[in-house]
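Visitor: Chains as they are written, first to last, in the working numbering: chain H, 1 to 936; chain S, 1 to 311.
If you're looking for bench data, these hints aren't it; they were derived computationally from the structure.
Even for Gly, the Cβ is constructed at its ideal location relative to N, Cα and C.
Any given hint could be a false lead.
[What the hints assert, rightly or not] With a straight-line cut-off of 30 angstroms between C-alpha atoms, the simulated DSBU-like cross-links for lysine-lysine are:
1) H:Lys153 <-> S:Lys77
2) S:Lys41 <-> H:Lys2
3) H:Lys591 <-> H:Lys930
4) H:Lys717 <-> H:Lys707
5) S:Lys295 <-> H:Lys791
6) S:Lys77 <-> S:Lys10
7) S:Lys41 <-> H:Lys800
8) S:Lys82 <-> H:Lys153
[To be verified] Chain S regions said to be covered by chain H (calculated; three or more residues, Cβ under 8 angstroms):
9) 5-14
10) 51-64
11) 104-110
12) 131-138
13) 233-247
14) 283-294
[Said to hold, decoys possible] Calculated from the model, a selection of chain H residues having no Cβ within reach of chain S, i.e. all distances over 10 angstroms:
15) Arg209
16) Lys454
17) Asp743
18) Glu916
19) Lys929
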Amino acid sequence: MKQIKLYINNKEYDFLVKGHEMLSTVIREKAGLTGTKLGCEQGSCGACTVLVDGSPLLSCIAPAIRYDGARITTIEGIAVNGELHDLQKKFVEKGSIQCGYCTPGMVMSILGYLNKNPNPSSNEIKEAISGNLCRCTGYKKIIEAISEYVSEKNGNALPDKKKKAESDSEFSVVGKPRSYIEAKKKVKGEAEYADDIRIKNALHCKFLRSTYPHARIVNINTAKAKELPGVKAVITGKDIPISFGVLPISENETAMAVEKTRYIGEIVAAVAAVTEEIASKACGLIEVEYLELKPFFEIEDSLKDTGENEKIHHQTKLNNNIHKTAELRFGDQEEGIKNSELSCKLDFKFQGLNHAFTEPHAATAYWDENGLTIITATQVPHYLHKYLAKVLEVPMNRIRVIKPYVGGGFGGKSDPFPHEMIVAHLSRLTGQPVRVRLNREEVFLTNHGRHPTKMTMQLGMGSSGELKTLDADILIDGGAYGSFGVVTTYYNGVLLQAPYNINNFGFRTRRVYTNKPQSGAMRGHGAVNSRFAVETLIDELARKADIDPCELRLKNFLDSNTLTVGQFRITSNGSAESLKAVMERSGWKEKFGKLKEGHGIGVGCGFFISGSALRIHWNEYPQSVVHLKIDMDGRVVISSGASDIGQGSDTMLAIIVAEVLGISVDNIFVLAADTLLTPIDLGSYSSRVTFMAGNAAKMAAEEMKSKILTAVASEFKVVEDELNITNNKVFSNDKSVEISWEDAIRIATKKNGALQSGGHYNSPKLGGDFKGAGAGLSPSYSFGALVAEVKVDVETGAVKVLNMWGAHDCGRALNPLAVEGQLEGSWHMGLGQAMSEEMRYHEGLLLNGNLLGYKIPTSLDTPEFDTTIIESIDPEGPFGAKECGEGALHPSIPAIANAIYDATGVRITSLPIKPEDILNGLKLLKKKKKNFSGVK
Amino acid sequence: MNTEEKLFLKPKTLKEALEFTASNRDGFKYIAGGTDLLVNKYQGNIDTGCLVDLTGIDELKQFSVKDNLIYIPALTKLSELKDNIYIKENFPALIKAADSVASPLVRNTATLGGNLLCENRCLYYNQSEWWREAVGYCLKCNGDICIVTGTGKACYSEFVSDTAPVLISMNAKIEVADISGTNILNLEDIYTGDGVNPVNLSKTSIIKSIVLPMDKGYRTIFKKLRQRESLDYTSLSIAVTTDNSGNVVICMSGVDPKPVVVSGNNHIDYEAMCKEAIKNSRSVDNDMLSRKYRKEMIKIYLQQCYDELFG
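One chain only, chain S, in its complex shape (with noise of 0.2 angstroms):
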């Protein structure tokens, strides 16, 4: 455990923020809403003795539309989402999506920036100090073995946002600041499908805004498999889009270490196009929900999903 005195630093612009970053690679984490790092915190998961706040960057909190683009600023709490009429009128699943995160207490702290660089989650990781010791650290904690499958290839940890998959179903950028500059990426290209580091932006990166087009007549199912209806992590969340030109995304999270997406020409492909998405899943049983039932589900919500779009 760090005894040194912990620092909470809250910058008021990207600048001052990119520049503390910059100049203190590895002793700082950055820290939004809070509500899943605080808790990973808590547990002794996350061991830093330096937390960025962001939440008094306004830079971070700009709405904006241009060019049939909408950007929605990370800052943007779950729970208001809801209140934005652009994103009401046209990507209502993204609001389904964020309300059905944890409780809504969570969602008045967490913010989207937040939910779509959520840490994988896994029961024998998502545990205190001393229960990893007694279980024998895993790979997620420097351990050499990970408990669930009693092997050391790799880390099955759930990618469990439950925004994501709405949002990179409809092909959404993320702008993302560093101290070089503003750059534009796919939302699907930030996640490596390791469950040990599942991001891959640089440490000191903040994603800004979130840009989604509104020309593309977009259309979104979105289904989320919990035992409760408030406070669970998804065990496993579905969108279906389709846009007007045909497309057919599937995106799903709660099942693999990183959003698993399928993509496709058109619906007459979508028994395919699920198949493969139950193939590229890799869930392991690390979930109070089994593998097998979760794996079973995503066939049943995929074609809820297609009933409901094309039904």
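Bound-form chain H, shown alone (with noise of 0.2 angstroms):
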């Protein structure tokens, strides 16, 4: 232990560190100031970035004794007297803070960058900012915010492009541009994230994780770890063996290994400790006697009969190792193929991914009089409390679960968690408070991502350039859970039906486990591969037939108001508008086929639910419900369980209730998230919350609108329907009544005292009665498009997306900034599955688990994103509103292989698109040309 001395943000400080102990230990564990954020530890992500004397610096690989004296500023030295700084005002302006646990260290690097050079150019910008990745925005509204500061402070504003007329919506607030609520406590790094809240006294727990893929657990003996001194609890499988899993129909995981391992990195064994070091040293010094079992790693290998060997899961029903298999036909494809004027056959195949958001999962849990209480990053609180009662033993209402403010999920929080078990399950046994931040491995061994997927899938067509017969044989890879994969054998076949009329259409998909991490819900869950795939497929028809692929789709897409040949409701479409807007913006017309070889444009659509119909847990409870509360004081509290993960949906609440109340948002409060405090939200997965806690919200909003009318109506003695409310007035048509907010509330009040309503929301009965039509039904289907332009290189194979413009139909934009953010998310995000995502394994373990060897496009592989919302107003939305978190990305990854295809001619069917196979596509081409010409 050495004695140092360091200035953080002009305050002085003397600490006692340890030798080896980082720089980001000591600003987050003993100064508190965890605005500076732990993404990877490794120096790969940047959100740990502080300045030292100015400049940028990497704290999680900065020995602290090596600053002694040195003068520190982190994201909380930035605003002065609680003042943004102008860099700041420009993040929170522009949209450029979603999840915002990137942003402390995106705001520092380029601060630190700004000190060297203070007038960049837009290159230099995105280049300052390569070592900060964002998972949420695509970089797009960062290098605006950045952009613009910069030439304010240089002295040249830049012309503001965007500035519509405003004047004539019949909303106040609804359709305005509009920064999160949080977004400057984010950008001050004061929103607290579940590893920055502080429980007094809590021990740290860490885990023992399986080195083998399956094996069956001989014996554990823990007996040295518990005598290791600051050893609290060590726990095992047996400790807490009751299984879960997020569909009531495959709860087959267990917080810990029970009987056997079924992959490598599954937790064995846990240990609270009064330190982390404690923690880890204890898990070393526990004993496992394994014995193996043979693996199953490929699909291949789990679809085959195991013989003699053990399965991974005994409930599979015949001798193998498919979890399930899902098929429904309308039509007979292979008559419709055979009918068809020109058809196409193509297998498929995708590597899986991981969510890669930039928090790594962590959580708090201790016990008090009122029972259980855990704060952990979650996107399913209401999930999560139910199988913690469940795996616990203790009855719901013991149990209150707390959503902080999350950093990004994507799909990848959207389970319960056996990490959020244990420490409950510790805590209980310690009788302190536990607490636990993963790794970024531990994070990927959690995965729940993308499955990795192999299919053939064949398109017919008429000759008239009609699509006629879709057949689609789907291979998953489940990993080693059920998690939501029986979803997502469902939805890699029926998330076909749209956006295209095709009538025959049919599909089977077997979902495998495999002795690897379990593959969940991943945006876009279940359809983006398939979507690939028919994208792809449409792109091949249309150069056989010599249409523009464009026109092609604009042919096939279905009207709105009708149903698809599953009975799917189709009701706002905005699909021919959406790619028409892409078509327009992109220069279609003169760029395709006009391109020289080696550049190319190609086109995307896609389709997405706006909320699942059904809900996973068959019961009565409204699928969302809204509390609001208003007392003397005027102001409304919002109370939801919706969890907003960065994607907005609080500030979505506040504007939808600012709406219809006639009110300004900053009279709203929005409690979320407390399973305790809250009504129940079934959660943030599936792109629901808009749609049904944005319908619960105004439902709510509505009562209490016509409660404050009411007593306003009886005081004043007029007739209720004289009366509205806007901006915070409430007033008569004729104006003989016309008072402030404040009085009409006083006055609503006086009798009962503070106001109350709620709302709820349910789907309306969907769909037809064969088995697994609920599958894919939703009360709103979003709808997009997708034009990129590419240049490939024809000697090395190297793509670089040029530019992306994409149009998506989100019902109504309630945010218009909120929803462009989501969409440059969703597109950044379908460019890393193109170029370059993948999990790859070695005999089942994950070799590229960190965020160096996982390839989240950074800014400099991020191009231009062109962003158009499409308006469709669905009639069963709030205000018309329905998804934009995930549709947006399915049409860009079929965009870019189209793109690469119009390049060079090479046809990409496997992900991430390699340059290897792009060079033996083009070496495959000449070879065919060289025989051509050779039989001429």
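Given two chains presented individually in distinct reference frames, assemble the corresponding complex, making use of the accompanying hints.
Guide: The following block contains the structure:
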């Protein structure tokens, strides 16, 4: 230990630090400045960036002692007396902040850079932030904020490109671009994420993870670990053996491996100790005796009869590892393809993906007179609540789940997790709070990401270019457990029945278990890979038939207000508008077929559910409930279980309630995602929150409005219908009543006190009555299109994505700034899957479980996004809104691949796209050409 | 794991550093920027109880020009090279190579000396302690088999410095200080080609500066293959240099446990040199990009370098 002095944000600190302690630890744990984030602890994400003497430093790989005497600035030191720095203001104003976890590091990086180069070009800005990974924004709005700040600082204000006339809008709040209500807190580094919240006297939890993919646990000896001073508890699978899983039909996971391990990385034992170091050391002292079983790594292995070998799960029906088969057929596909004028059949292969949200999982659990409280980074407080009750055998009324600010989810925090069960149990055992923070490798092992997939798909077309028959045979690799897998199995197929009108349609999907970290739901759930296949086949058919691929799509879109072949009810539908918009924005007609070799343009379309109409757990409780409370002070408290994970749902609720009540968003407080205080919402998954919680909020606000108007009407003896509220004023049409919001609330509360109202949402009954008809049903669907332009180096196969023009029908943009952010983030994630992201394994062991090997595109790899919002005004969405957070991803990947085809003639059927594959494709083409000319 | 009190020493002079390390031969590791070392330490690949920080030593920061030789101090941060007018004018490829290392944040701390001594990398080695236990420890972490090749013969961890190829292609020398004094070595000569122990400098010695001649008229083309335009280590870095006598040197990293160097007297020999370079690179499938592709790219990149230099 050594005493050092640090001047952090102009305050002098004396710290006793360990020899090899990192500066990030000192800043977070000793100075309590948790605005400095940890995302990877290996210098590859930039979240921990601080300034030392004005220069940016990765504090997670900086030994604290080296900086003895140094002047350090953290994000908390940037705002002065609470006043945001001009750059921070730009981040807020431009919507550069979504989950906010990368924001502090991003701000510090660029501020440090600007100290050296105060007037950088746009490329220099991109370069300067290229060591800071953002998973939410696609960097566009970050770069915009920085560019504007720089221009204004240097006296060249940029013309505001996007200022629209706002006066003619029928709404006063809806449709106005607005930064998130918590954006300032996030940009100042004050928003507390799960690992930032310190509960007094908390123990630290660490895990021992299996080093075998498939092995019986013969014996676990925890004696030595228990003896280590500082260790408070050591537990194994047998201590909490009750199984769970987000879907009731596949609750086959336990908090720790009970009898056997099913993947390398599965938790086998857990330790609670007074420090992280002791907990880690104790894990090393646990001895586990394994008996190896034959592992199954590949889909093909898991399809086969296992013979004498033990299956991964004994519950699978046959003697193989097939978890679920889903098959639906409308018409005879074999016949259909045979009778097609033109048809095409291709095989596709997709690697698994991880959500790679910037905030690693973290949780703290404690028990008191109210039972268990757990503060955890989750998208689904309600499901966690349920399964904690089940696993811990405690009634739900003794459990409180609190979701703090969450640093991104994308589906990766939408299951109940082992670490949450474990800290809850350890806290009960030790009588002390227990906290856990997963490192990045553990995040990758926890996974639940996109399924590795193989599929064969064929598409048949009629003589005048009508798409007629689609048949898909799909295999998905579920890894070791169920997760959302049964839904994924269906979604891969059923979500192919739009946006095109294809009446002869069938699919079979089989999900298998393998001895790898489990797959689950990830942004665009279930349909991203199969969408890629369809959009590729359409491109192929268009080429064969010599039809413009955009025109071919336009010809085949479903109408609005129609049913699909599998009886999905399509209401609002902005497919054609979306496609036409991107054609125009990209200059499609001028470019398609006219670009030089190596330069290409491509298109893709897509659609997605706006919330699943069917609930996961069957009961009659509404899918979302929102409560409002207004007391004498006039402030509206929205209470909702919906989980804002950075997508902006808290702000969305405030916008809806403000619009209905005719007041300003500033007068609204959102209390969200605390199962003790807020009514149940099923969670942030399947793009359901705007539609469902939004409708519930609207209903609650309408009831509230009526209560207020009734009271005012009675006070002034006027007819209620004559009254209205806008701009914080309640008035009658004849102006005989004109009072402030506050006065109206005083009137409305004077007899019975605080006003309350409630709203709820339930999806209407939808769909057919055949088996499997429920999968993919949604009260509404979103639609979109994207055009990508690429350059391919035909010598190296390297692809540079130059531009992406996207359009997405979100019904109505309640908050256009947030909608753009969701779209751009989706396209960025699509770019990653297309170009560089994959989970690669060596015999079940993940080879790239870190942010260096798992390649999220940096700011330098990300092209300009051109963003168009299409508003089809959904008849049932709140103010016409529907989803925008997932569907936009779908068209992006095939658009890039189709652009590569346009550039090179190489058809991409495997993701991520490897330069090597392009070169091989080019060689094959050359050979074919040669043979062809030879014949001639 | 070493549980004893860990030390972090920050000597102020070379002498102080060398005297300490001479008497504690095994129990220490030098640290400069630390951007490579600390990640290896985090992953448990380095388990030293004592770090000797060189960043406080002024003698390692002295830039000088003498007799047409430029002495670039080893502690020069990668981000600072471009601020040096001599380097900018005479060796722009060095700046290009340095600017291709990792990310701007890393380059703000990482040093030129450190980049030359950057630990060799392998997908099967740069992993956590737990991971390496699960895979069965490889040759580079005291195991008896290379996971990639399945044999115990040799470790093929890649040499990944981006600046070394440029420097070696310009016949760079290094000033190395040890307790016995300062020696001048050919940079190329410190690399062993053994993936386990890739550098033959004695454990106590310290690179003081990198020495380049300014009167040779070097012209260098540098190219780097990686999946992303930032953050990534190299999968193939190539420098080709020619001087005013027409000599040509090819040097590559990312495809062998050491820099692969091929020299010729005239660019007419270039095709043969390329063949030799490809033949000499012992790359294996231990990178996110395949061995086959990287091998193929050597040829393409070398041709591109040639075209830019002589075309």
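Visitor: So if I understand the rule, the pair passes when the alpha-carbon distance is 30 angstroms or less; does S:Lys41 with H:Lys800 pass?
Guide: violated, 35 angstroms
Visitor: With a cut-off of 8 angstroms between beta carbons, are at least three residues of the region 104-110 of chain S near chain H?
Guide: holds (count 5)
Visitor: Take the region 233-247 of chain S, compare each residue's beta carbon with every beta carbon of chain H, and decide whether three or more fall closer than 8 angstroms.
Guide: Coverage by chain H is violated for the region 233-247 of chain S (1 residues, Cβ < 8 angstroms).
Visitor: Per the stated criterion, does the least C-beta distance between H:Glu916 and chain S lie above 10 angstroms, as a non-interface residue requires?
Guide: About 4 angstroms separates H:Glu916 from the closest Cβ of chain S, which leaves it inside 10 angstroms; violated.
Visitor: Against the 30 angstroms threshold, does the CA-CA distance of H:Lys153 and S:Lys77 hold or violate the hint?
Guide: holds, 29 angstroms
Visitor: Mind checking the alpha carbons of S:Lys82 and H:Lys153 for me, to see if they're no more than 30 angstroms apart?
Guide: holds, 25 angstroms
Visitor: Does H:Lys930 lie within 30 angstroms of H:Lys591 when you go C-alpha to C-alpha?
Guide: Between H:Lys591 and H:Lys930 the Cα gap is close to 28 angstroms, so the pair holds against 30 angstroms.
Visitor: Taken at face value, is the distance from the CA of S:Lys10 to the CA of S:Lys77 at most 30 angstroms?
Guide: Satisfied, since the Cα-Cα distance of roughly 18 angstroms is no more than 30 angstroms.
Visitor: Are there three or more residues in the region 131-138 of chain S whose C-beta lies within less than 8 angstroms of some C-beta in chain H?
Guide: Holds: 4 residues of the region 131-138 of chain S have a Cβ under 8 angstroms from chain H.
Visitor: Are there three or more residues in the region 283-294 of chain S whose C-beta lies within less than 8 angstroms of some C-beta in chain H?
Guide: holds (count 5)
Visitor: Going by Cβ atoms, does H:Asp743 stay more than 10 angstroms from chain S at every point?
Guide: Non-interface label on H:Asp743 holds, nearest chain S Cβ at 55 angstroms vs cutoff 10 angstroms.
Visitor: Say whether it holds or is violated: H:Lys454 keeps its Cβ farther than 10 angstroms from all Cβ of chain S.
Guide: Non-interface label stands for H:Lys454: nearest chain S Cβ at 20 angstroms, farther than 10 angstroms.
Taken one by one, the earlier hints fail for this structure at numbers 7, 13, 15 and 18, listed in ascending order.
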